[in-house]
Amino acid sequence: MSDRAIELRGVGRRYSHFALQGVDLDVPDGSVLGLVGPNGAGKSTLLRILIGLVRADAGRVSVLGRPMPQEERWIKARVGFVSEDMALYGAATLGWHMRLVRDMSPGWDERRAADLLERFSLDPGQRLRGLSRGQALKALLLLAMARRAELLVLDEPTAGLDPLVRHEILSLLKDTRGERRALVFSSHYGDDVASLADDVAFVHGGRLIAHAPVAELLRGGASLEQAFLERVGGLHTRRAA
Amino acid sequence: MNPRVIARLVRKDCSLMKGPLAAYVAAALAGLLLTALVGGPVGRSAGVTLALNVLIGVSFHVMLGPVLGERERRTLAFVMSLPVTPAEVAIAKLVSAFALFLVPATIAATALVWATPFDIPARMAASQLPLWSHLLGTLGYYALVLGAWTLFFSVVLAAAIVSESVGWTVATLTGLLFVLGNFALQVLPRLSGVAHYLRALGHGEPALPITIACEAAGIAAVVAMIVALQRRKTSFV
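Sequence order for the protein chains is A and B.
So the first sequence is residues 1 to 241, counted in my numbering.
So the second sequence is residues 1 to 237, counted in my numbering.
Some hints could be false.
[Unchecked claim] If we take Cβ atoms under 7 Å as the criterion, some of the chain A residues that face chain B in the derived model are:
#, residue
1, R55
2, E71
3, R73
[As the list claims (entries may be wrong)] Computed list of lysine to any residue pairs in SDA-like fashion (alpha-carbon distance at most 20 Å, straight line):
#, chain 1, residue 1, chain 2, residue 2
4, B, K233, A, D57
5, B, K233, A, F18
6, A, K174, A, H188
7, B, K233, A, A19
8, B, K233, A, K174
9, B, K233, B, P86
10, B, K233, B, S165
11, B, K18, A, T93
12, B, K233, A, R55
13, B, K18, A, G125
I should point out that these hints are in silico values taken from the structure, not numbers from a laboratory.
Virtual Cβ for every residue (Gly too), placed ideally from N, Cα, C.
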């Protein structure tokens with residue numbers, strides 16, 4: 001078995017208005033990686049490639065030691081994915097969604113689901129239409145985490161949340177760190193990334209411009225935002241020269 | 001391809017549509033009762049109108065709900081993040097779309113066959129043909145009507161899946177109904193070749209099985225095209 005939860009080599013995806021290019025990335029087992037970058041930098045595309053929602057048109061993608069998309073079903077059965085622009089069926093209840101995911105996921109754990117329901121104070125009989133942003137995100141996290149995912153991929157999980165819910169989500173992710181092989185997430189909040197991640201990857205203009213341990217980037221009292229801006233500034237200076 | 005996964009996805013779509021489906025089935029049954037039991041020009045007219053509305057309404061509902069709604073309401077990413085392949089999701093979508101259409105459409109088509117201007121059993125009885133041929137003739141005409149509507153539904157379904165646009169789907173649906181539909185009803189019967197064909201169709205001559213075979217081939221071609229185009233997709237959100 002590979003000791004890397006994620007291995008990307010020369011991964012690219014071209015759109016008419018944007019291109020993700022030449023991404024090389026390793027995420028070792030037991031680590032937490034935070035993706036930082038502005039809107040439209042390519043973070044979501046990168047995360048979607050990992051779960052097979054978008055196909056890379058260049059390079060090689062390996063998740064949990066298996067190639068994507070050739071072993072898509074095997075990978076998806078072991079990866080939990082939550083995105084800020086993902087929704088559940090408003091007319092159905094959370095219990096309906098739990099039955100759907102349970103029927104399709106071999107790793108579904110009823111006890112874990114019950115624990116998360118209690119922790120999040122969610123009612124399985126409640127229809128999802130009308131849930132607050134925070135409650136909807138908790139429901140999505142419950143459905144992803146009750147599957148005992150070996151890898152958790154979260155796209156902007158704390159975007160638009162009030163500070164209390166943000167803290168609750170970050171605490172859960174920290175408390176459950178030992179339950180999975182790795183966590184990869186994107187965020188606009190430098191504090192969230194600094195408190196949760198071991199490593200940070202900066203994404204800018206469809207390229208991975210830096211990948212380093214959080215401690216290294218924060219050396220000298222700089223914030224992640226400052227470190228990012230320095231790297232982007234350096235990049236522009238080198239391009240101009 | 002895992003049939004268990006496809007069946008579960010179809011069950012999901014049917015469960016989400018159970019309310020509208022019950023309403024369309026009830027309306028189709030009401031149309032059938034009006035046509036068959038009340039009868040007369042008023043009963044027939046009301047029954048046929050209701051049956052046609054069921055066919056049009058359920059087509060719109062299925063397109064805007066399970067087919068186009070997944071992407072619009074951002075639930076597609078949730079489904080695609082489960083242990084499924086894009087091919088399984090596409091096949092499940094086709095199966096659930098046809099199932100949701102065909103349940104009320106079969107009842108509505110019965111009402112339309114009941115109200116047909118071609119009295120096939122009477123024509124065949126006049127030709128002193130045996131009872132089984134009367135039944136076969138009625139079933140043939142039934143297949144012709146249901147086949148025509150299913151072909152219409154398949155083309156609209158293809159427009160919805162390929163374009164992923166509500167606008168183009170509605171344009172295709174209304175275009176087929178009002179432009180081609182009016183052309184078929186008002187212009188085609190005036191052409192002498194077509195009038196001859198319609199007479200042959202009314203008498204249950206080989207025109208009937210040939211037309212049904214053409215409808216089936218058309219539906220199969222549209223479904224094959226949808227599956228082929230789905231296979232080429234590289235983004236599922």
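Status of each hint after checking the structure:
no.	hint	result
1	R55	4 Å, holds
2	E71	10 Å, violated
3	R73	5 Å, holds
4	B/K233 with A/D57	12 Å, holds
5	B/K233 with A/F18	18 Å, holds
6	A/K174 with A/H188	18 Å, holds
7	B/K233 with A/A19	17 Å, holds
8	B/K233 with A/K174	37 Å, violated
9	B/K233 with B/P86	9 Å, holds
10	B/K233 with B/S165	15 Å, holds
11	B/K18 with A/T93	15 Å, holds
12	B/K233 with A/R55	9 Å, holds
13	B/K18 with A/G125	18 Å, holds
Violated hints for the displayed structure, listed by number in ascending order: 2 and 8.
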